[in-house]
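Knowing the structure of chain X, use the given hints to seat chains U, P and S on it.
Protein chains: 4
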Amino acid sequence: MPLTALKTAVLEANLATVSHGLVKATFGNASGIDRASGRIAIKPSGVPYDRMTPDHMVITDLDGVPLDNRLRPSSDLDTHVVLYREFPQIGAIIHTHSTYATIMAQARRPVPPLGTTHADYFHGTIPVTRDLTSEEINTRYVAATGEVIAETVGDGDPLEIPAVLVAGHGPFVWGRDPQEAVLNAVILEEVAKMAWHGAVIDPQPPVISQTLLDRHYLRKHGANATYGQ
Amino acid sequence: MPLTALKTAVLEANLATVSHGLVKATFGNASGIDRASGRIAIKPSGVPYDRMTPDHMVITDLDGVPLDNRLRPSSDLDTHVVLYREFPQIGAIIHTHSTYATIMAQARRPVPPLGTTHADYFHGTIPVTRDLTSEEINTRYVAATGEVIAETVGDGDPLEIPAVLVAGHGPFVWGRDPQEAVLNAVILEEVAKMAWHGAVIDPQPPVISQTLLDRHYLRKHGANATYGQ
Amino acid sequence: MPLTALKTAVLEANLATVSHGLVKATFGNASGIDRASGRIAIKPSGVPYDRMTPDHMVITDLDGVPLDNRLRPSSDLDTHVVLYREFPQIGAIIHTHSTYATIMAQARRPVPPLGTTHADYFHGTIPVTRDLTSEEINTRYVAATGEVIAETVGDGDPLEIPAVLVAGHGPFVWGRDPQEAVLNAVILEEVAKMAWHGAVIDPQPPVISQTLLDRHYLRKHGANATYGQ
Amino acid sequence: MPLTALKTAVLEANLATVSHGLVKATFGNASGIDRASGRIAIKPSGVPYDRMTPDHMVITDLDGVPLDNRLRPSSDLDTHVVLYREFPQIGAIIHTHSTYATIMAQARRPVPPLGTTHADYFHGTIPVTRDLTSEEINTRYVAATGEVIAETVGDGDPLEIPAVLVAGHGPFVWGRDPQEAVLNAVILEEVAKMAWHGAVIDPQPPVISQTLLDRHYLRKHGANATYGQ
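In order, the protein sequence lines correspond to chains X, U, P and S. In this text, residue positions in the first sequence follow full-length UniProt numbering: the first is 1, and each later residue adds one. In this text, residue positions in the second sequence follow full-length UniProt numbering: the first is 1, and each later residue adds one. In this text, residue positions in the third sequence follow full-length UniProt numbering: the first is 1, and each later residue adds one. In this text, residue positions in the fourth sequence follow full-length UniProt numbering: the first is 1, and each later residue adds one.
Looking at chain X on its own, in the form it has when it is part of the complex:
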């Protein structure tokens, strides 16, 4: 993918997080990667969304070193870098403080598969990380955030459950490309909202069966997907 296309796609993903109501103030950041050239494009730090252009996106190498020095990258860059290294399957990452996903992250509540809305996008429970230690926070906070996400995903396929809630912080979501990552972030917020509401009226809300979870997830994903045109 040419860098200009990557920058445009990443800009659009950043703007989409705002138009979908997932981001307030300058919280949140989206990035994308071109695996062929090893280039990452990420939102700059603290630039208002309504003034961003594709050229504001900061380009870095796979170690997160900016390739020019016009603008500083998002302060969460190192988390993205770790995730791109740990999850070679993914092509884009979105971080938001979207309200209900953050409420669940603050409450250390995983989001279980309560219905088919969830199953269409997430093939199981969306987990919460452990808390970072004081040492991790003090010495290498941003990278350690990526590492604790990778630790939480473990041996699983990160594209099967493309989101993790960072304890006391908020969601990191990914996908094969920026558009898919945006969609996953939108659905995550919706299923987190429904999970919170479910927990309020039932301390043990029923999850759907593995059969139904597979039926819906595999309809949209994998070799036998039948959804769409």
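Mixed in with the good hints, there may be bad ones.
[As the list claims (entries may be wrong)] Pairs of lysine-lysine, DSS-like flavour, derived with a Cα cap of 27 Å:
#	chain 1	residue 1	chain 2	residue 2
1	P	K220	S	K24
2	S	K24	S	K193
3	U	K24	X	K193
4	S	K193	X	K24
5	U	K24	P	K220
6	P	K220	P	K193
7	X	K193	S	K24
8	P	K193	U	K24
9	X	K24	X	K193
10	X	K24	P	K193
11	P	K193	S	K193
12	S	K193	P	K24
13	X	K193	X	K220
14	U	K24	S	K193
15	U	K24	X	K220
16	P	K24	P	K193
17	U	K220	X	K24
18	X	K24	S	K24
19	X	K193	P	K193
20	X	K24	S	K220
21	P	K193	S	K220
22	S	K193	X	K220
23	P	K24	S	K24
24	S	K220	S	K193
25	P	K24	X	K193
26	P	K24	U	K220
[Unchecked claim] Every beta carbon over 12 Å from chain P, so not counted as near; a handful from chain U, in silico:
#	residue
27	M52
28	I59
29	E136
30	T152
31	E189
[Unchecked claim] Far from chain P, some chain U residues (derived; all Cβ distances over 12 Å):
#	residue
32	K24
33	A25
34	R51
35	E86
36	A143
37	V148
38	V153
39	D214
Simulated from the structure, these hints should not be mistaken for laboratory data. Just so you know, even glycine gets a beta-carbon here, dropped at the ideal spot from N, CA and C.
Quick look at chains U, P and S alone, frame taken from chain X:
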């Protein structure tokens, strides 16, 4: 009804589910039927709402067989087909994952008639289906969803309570025509929202009397309706 | 007030209930009265809001008899007529099914003065009516709704607490003129929303002192009001 | 800062409280101060937001005495005056009745640091004042509101936790300038919303560690801030 009118009405119903906030991403689908010609018009699968035109609506016969092969129909087509066969009174069907109706469907909570908002559109409790069995899910999931809705309605008149919540999934709503189905879907979401809020502050929220339920429902429906111009 | 001014003010109040998010579908109705001529203007029944003009407002006398027969008045007309007769101080009435006020009406929960937002507009607890009897519903439902509101207000000044929640139904709100009634309906929904949220986290939410209630209410109302220009 | 710039900045802050959904009706007011000239600019009382111009902002001296007599200042002026005197570090004040911050103020619930959203703007728990006494309300209500806020902040730096919830009333928020005060008011509402939701599903929601609180707060504030361009 000419097919072009049916396709336009079905398109408008699909767009209305989005403008009323009942649908996110490509969740949801609306269909209509012309009983005279035995033709069903339904949303295509996975086409973005902002690009849909009347001609994108897929026309099928009463068995759900598409009459041309330009676009695939909604993956929920077979549910619609079963409902049109089981409920000869109805002329349109809408499926959404609207937030509060889905929260209640996931919690297996019927929506009782707590007030006159409910009674103006639904002549009693909006029920939840049983869970589908693994065999139903594995062998004929989409049609079985229609069958379990019909099983839940039983001997009742489907127009008296024009909605069912499918357990772990979301609402199916219907009406005599696409416009009425949209209105029923909007009101269902509102009464589900109020029912959830009522359940939070009172484990046994009071339902209205049969007398008040009849008074409001029959004001708007049936031979003695007095509402409107 | 000339009839044309009354009809315009009543139309604007009806439209304001929609733009403020208090009304969905065709729920809700606003009316106004010109005490000098004894004329009531009220929303017609079942006319879509986006097509209403001032001339759609139905003019009736003090007994609710329409003075022409172009359009049927709101089906809630008789409630308005009773309230104008019982409360000579008021000049306009608004009925909505606004979400949180209706949730409280369905739960038979009065809205207590939990803060100064409430005190700025309502000089005490907003009450809920008793349930209507089956006989009242069957024989004279709409007028009886007005009577049970008047019974609930009792000897109080209806302008001091310009709203009542009708059990299992929703709010009726009033004011000296249509604009004031709209404002009272907007604030009622907001204080009902805050009261519901307060009740969820505290079974006995603290009410403000009579001193603070008086301080805020009397700042905006009565002979010693100091608010505004 | 010239007075015209101050008036424009204060107008924009007032309008921002509306566009961010923090203010309904004419609740709420924003002010700013030019420390060099000792001039305060504040919203006028009871003027509709959609008609306000910079010249509607009322200019007063440090004792709250208006320097002309065209429009009355906000009825909360004396609270602002006390806060400007007590907190020499601040340059702007915003008062709203934003929904969730007010719900917490009514419930006398401080907003604890449950996550990094909070930590990015508030360096600790956002406190609630004690109730004012009847004597304070009756004799010097508006100034006493400022005094009880100052009493609640105590020896702390008001810019470290730039908001207090006034019991039974709502939030007062401040910043070094009107733009920063708006941002603090927006984030306060969001963290209050998340705190309410957290309290519903967990009576003792976990707070983040002092290490994480410091890490996030100090990233954006103080001599070693690294955020932004």
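Hint by hint, here is what the structure shows:
1. The straight-line distance between the Cα atoms of K220 (chain P) and K24 (chain S) is roughly 16 Å, inside the 27 Å bound, and the hint therefore holds.
2. A hinted pair counts as satisfied when its Cα atoms are at most 27 Å apart, and K24 (chain S) with K193 (chain S) qualifies at roughly 17 Å.
3. This hinted pair checks out: K24 (chain U) and K193 (chain X) have alpha carbons roughly 13 Å apart, not beyond 27 Å.
4. About 13 Å separates the Cα atoms of K193 (chain S) and K24 (chain X), which keeps this hinted pair within 27 Å; it holds.
5. With a CA separation close to 43 Å, the supplied pair K24 (chain U) and K220 (chain P) exceeds the 27 Å bound.
6. Under the criterion of a C-alpha separation no larger than 27 Å, the hint pairing K220 (chain P) with K193 (chain P) is consistent with the structure, at around 22 Å.
7. For the hint pairing K193 (chain X) with K24 (chain S), the CA-to-CA distance comes to about 25 Å; that is within 27 Å, so the pair holds.
8. A distance of roughly 25 Å separates the Cα atoms of K193 (chain P) and K24 (chain U); the hinted pair therefore holds under the 27 Å criterion.
9. Taken as a hint, the K24 (chain X) and K193 (chain X) pair is honoured in the structure, with Cα atoms around 17 Å apart against an allowance of 27 Å.
10. With a C-alpha separation of about 23 Å, the suggested pair K24 (chain X) and K193 (chain P) falls inside the 27 Å cut-off, and the hint holds.
11. Note on K193 (chain P) and K193 (chain S): the hinted pairing holds, with a Cα-Cα distance of about 13 Å set against a maximum of 27 Å.
12. For the proposed pair K193 (chain S) and K24 (chain P), the alpha carbon gap of about 25 Å is at most 27 Å, so the pair holds.
13. Annotation: proposed proximity of K193 (chain X) to K220 (chain X) holds, straight-line Cα distance about 22 Å (limit 27 Å).
14. A distance of roughly 23 Å separates the Cα atoms of K24 (chain U) and K193 (chain S); the hinted pair therefore holds under the 27 Å criterion.
15. Proximity of K24 (chain U) to K220 (chain X) is assessed by CA-CA distance (about 16 Å); at most 27 Å being required, the pair is judged to hold.
16. At most 27 Å may separate the alpha-carbon atoms for a hinted pair to count; K24 (chain P) and K193 (chain P) meet this at roughly 17 Å.
17. With a C-alpha separation of about 43 Å, the suggested pair K220 (chain U) and K24 (chain X) falls outside the 27 Å cut-off, and the hint is violated.
18. With a C-alpha separation of about 20 Å, the suggested pair K24 (chain X) and K24 (chain S) falls inside the 27 Å cut-off, and the hint holds.
19. A C-alpha spacing of about 18 Å is found between K193 (chain X) and K193 (chain P), which places the hinted pair at or below 27 Å, so the restraint holds.
20. For the proposed pair K24 (chain X) and K220 (chain S), the alpha carbon gap of about 16 Å is at most 27 Å, so the pair holds.
21. Restraint check for K193 (chain P) and K220 (chain S): not satisfied, since their Cα atoms lie roughly 34 Å apart, outside the 27 Å limit.
22. Only pairs whose Cα atoms come within 27 Å are accepted, and K193 (chain S) paired with K220 (chain X) is rejected, the gap being roughly 34 Å.
23. A C-alpha spacing of about 20 Å is found between K24 (chain P) and K24 (chain S), which places the hinted pair at or below 27 Å, so the restraint holds.
24. Between the alpha carbons of K220 (chain S) and K193 (chain S) the distance comes to roughly 22 Å, so the proposed pair stays at or under 27 Å and holds.
25. Distance restraint check for K24 (chain P) and K193 (chain X): the Cα-Cα separation of roughly 23 Å lies within the 27 Å cut-off, and the hinted pair is therefore satisfied.
26. Using a Cα cut-off of 27 Å, the hinted pair K24 (chain P) and K220 (chain U) holds, with the two alpha carbons roughly 16 Å apart.
27. With a least beta-carbon separation of about 23 Å from chain P, M52 (chain U) lies farther than 12 Å from that chain, consistent with its non-interface assignment.
28. The claim that I59 (chain U) lies off the interface holds: its Cβ sits roughly 30 Å from the closest Cβ of chain P, which is beyond the 12 Å cut-off.
29. Non-interface call for E136 (chain U) relative to chain P: holds, since the shortest CB-CB distance, roughly 35 Å, exceeds 12 Å.
30. For T152 (chain U), the non-interface assignment is confirmed: its Cβ lies about 24 Å from the closest Cβ of chain P, beyond the 12 Å cut-off.
31. A beta-carbon of chain P comes within 12 Å of the beta-carbon of E189 (chain U); the shortest separation is about 9 Å.
32. The Cβ of K24 (chain U) lies farther than 12 Å from every Cβ of chain P, with a closest approach of about 19 Å, so its non-interface assignment holds.
33. No Cβ of chain P approaches the Cβ of A25 (chain U) within 12 Å, the least distance being about 23 Å, so the stated non-interface status holds.
34. With a cut of 12 Å on Cβ distances, R51 (chain U) stays outside the contact zone with chain P, its closest approach being about 25 Å.
35. Once the 12 Å rule is applied to beta carbons, E86 (chain U) is consistent with being away from chain P; the minimum gap is 27 Å.
36. Look at A143 (chain U): its CB is around 32 Å from the nearest CB on chain P, clear of 12 Å, so calling it non-interface holds up.
37. Taking the minimum C-beta to C-beta distance to chain P, about 29 Å, the non-interface status of V148 (chain U) holds against the 12 Å cut.
38. No beta-carbon of chain P is positioned within 12 Å of the beta-carbon of V153 (chain U); the least distance is around 24 Å.
39. Here D214 (chain U) does not stay apart from chain P, with its beta-carbon only about 9 Å from theirs, under the 12 Å limit.
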